[in-house]
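2 protein chains.
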Amino acid sequence: MEIRVVRDVLEESNLRAQENRALFDMHGIFAVNIMSSPGSGKTMLLQKTIPALTERGFSCAVIEGDITSTIDSERLQPLGIPVVQANTEPFGGDCHLGSHLVQAALKQLDLSSIDFLFIENIGNLVCPAEFYLGENRRVVVLSLPEGEDKPLKYPLMFRECNLCLLNKMDLAPYLEVDVELMKSNVHKTNGQIAILPISAKTGEGVGEWIAWLLHARGGQS
Amino acid sequence: MEIRVVRDVLEESNLRAQENRALFDMHGIFAVNIMSSPGSGKTMLLQKTIPALTERGFSCAVIEGDITSTIDSERLQPLGIPVVQANTEPFGGDCHLGSHLVQAALKQLDLSSIDFLFIENIGNLVCPAEFYLGENRRVVVLSLPEGEDKPLKYPLMFRECNLCLLNKMDLAPYLEVDVELMKSNVHKTNGQIAILPISAKTGEGVGEWIAWLLHARGGQS
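Those protein sequence lines, which keep their order, are chains A and B.
Here the first sequence stands for residues 38 to 258, numbered as in this note's numbering.
Here the second sequence stands for residues 38 to 258, numbered as in this note's numbering.
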């Protein structure tokens with residue numbers, strides 16, 4: 038009985054995700070699901086990414102996933118793009134974004150005028166990896182202070198993503214972290230994943246990340 | 038029907054936790070559940086905590102919670118104390134430790150010779166807060182690079198804990214983090230929680246943390 042219930046929930050979740058993807062395809066939207074531990078720098082990454090895309094003529098929108106609060110949406114407000122806050126608290130305080138919540142958020146956006154849709158997931162290196170939202174690409178942000186061993190300890194997230202951004206490179210001189218070992222642990226977990234070292238704070242590597250996004254959108258699948 | 042199933046699981050979980058607590062009480066064990074985001078420094082904290090307690094004549098043991106791998110247990114091996122690795126991967130890859138897993142781990146320890154039992158939970162600032170394991174105290178480690186806003190965005194964890202260790206204080210000069218705002222956000226979420234700034238790396242504040250542990254064990258409830 039329990040198994041049947043769980044299966045129903047997952048099927049429902051995947052159906053909603055497929056509907057989201059159909060909407061993205063219909064409107065030419067390239068959707069990127071950004072995941073990480075709490076405090077890895079997802080929001081600051083968006084603060085740097087969006088101006089770089091808009092100055093190239095692309096229009097962007099963001100779905101901000103959080104359990105509670107509108108802190109991240111407020112940080113993005115000055116960018117002047119559509120931002121929808123998706124909080125899980127009214128729905129049981131889920132530890133990840135669900136495809137139904139993304140679907141509800143999409144209803145608040147003018148889909149005909151979006152090139153890139155960024156979905157900032159809840160800060161959690163475990164559960165969000167299990168839930169497909171309809172996105173075109175999945176990106177994991179791993180910040181240097183988290184340590185080299187994270188891909189080995191939380192492998193599903195790294196297996197499920199197309200790109201790993203090694204963020205907070207500006208802190209490297211003050212940490213004992215071995216960046217090469219960190220990269221090798223990411224690749225040990227997923228031989229196919231791309232890795233880009235960046236610092237959302239200083240802008241290091243942000244150009245390469247933008248190039249990755251444009252290339253991925255060009256060869257969209 | 039779904040509601041009944043969930044309730045059964047939670048009741049089962051609390052029953053196991055109460056059995057664990059009865060074992061702790063019977064053997065005079067003081068159990069501390071340590072939780073945090075991935076990479077906040079829980080294991081390094083234990084590497085500094087255990088020698089400080091053993092040199093004061095207390096015997097310690099650790100239950101190491103991880104989804105997969107034995108990396109953290111191996112880091113603790115040189116301490117020469119009993120360490121049991123509790124991996125959730127064989128049980129569905131749960132994103133938190135369950136009281137049944139702690140119970141299984143306890144069977145591998147000589148309970149009659151433990152003063153302090155540290156349970157290092159899986160790195161996750163969300164889900165572990167929901168599951169009582171039978172512990173005497175709950176501690177959340179929040180590292181400075183994670184940013185000031187985390188207590189506001191992940192309030193349950195901070196509401197459920199007795200102590201918040203602000204770790205990686207040694208990085209303060211290289212971050213734009215406002216430590217006073219971080220503390221005030223912790224207290225805004227939970228007016229009763231104690232806060233100690235520490236650096237497991239440099240040893241700053243570790244003495245105060247040991248004093249907190251000894252005091253908490255003295256006034257054990």
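Honestly, the hints are just simulated from the structure, not real lab data.
Where a beta carbon is used, it is the ideal one built from N, C-alpha and C, also for glycine.
Some hints here could point you the wrong way.
[To be verified] Quick partial rundown of chain A residues pointing at chain B, CB under 7 Å, derived from the structure: (1) Ser74; (2) Gly76; (3) Arg112; (4) Leu116; (5) Gly117; (6) Ile118; (7) Pro119; (8) Asn161; (9) Glu183.
Hint check results:
For Ser74 of chain A, the suggested interface contact is upheld, since its CB lies about 5 Å from the closest CB of chain B, less than 7 Å. For the restraint placing Gly76 of chain A at the interface with chain B, the shortest Cβ-Cβ distance is roughly 3 Å, inside the 7 Å limit, so the hint holds. Interface hint status for Arg112 of chain A: violated, as the beta-carbon distance to the closest one in chain B is roughly 9 Å, over 7 Å. Checking Leu116 of chain A against chain B by beta carbon gives a least distance of about 18 Å; that is not within 7 Å, so the hint is violated.
Because the smallest distance between the Cβ of Gly117 of chain A and any Cβ of chain B comes to about 22 Å, over 7 Å, the interface hint for this residue is violated. Because the smallest distance between the Cβ of Ile118 of chain A and any Cβ of chain B comes to about 21 Å, over 7 Å, the interface hint for this residue is violated. Because the smallest distance between the Cβ of Pro119 of chain A and any Cβ of chain B comes to about 21 Å, over 7 Å, the interface hint for this residue is violated. Hint status for Asn161 of chain A relative to chain B: holds, with the closest Cβ pair at about 5 Å, below 7 Å.
Annotation: interface hint on Glu183 of chain A holds; nearest CB of chain B at approximately 3 Å, less than 7 Å.
Checked against the numbered hints given earlier, this structure breaks hints 3, 4, 5, 6 and 7; the rest are met.
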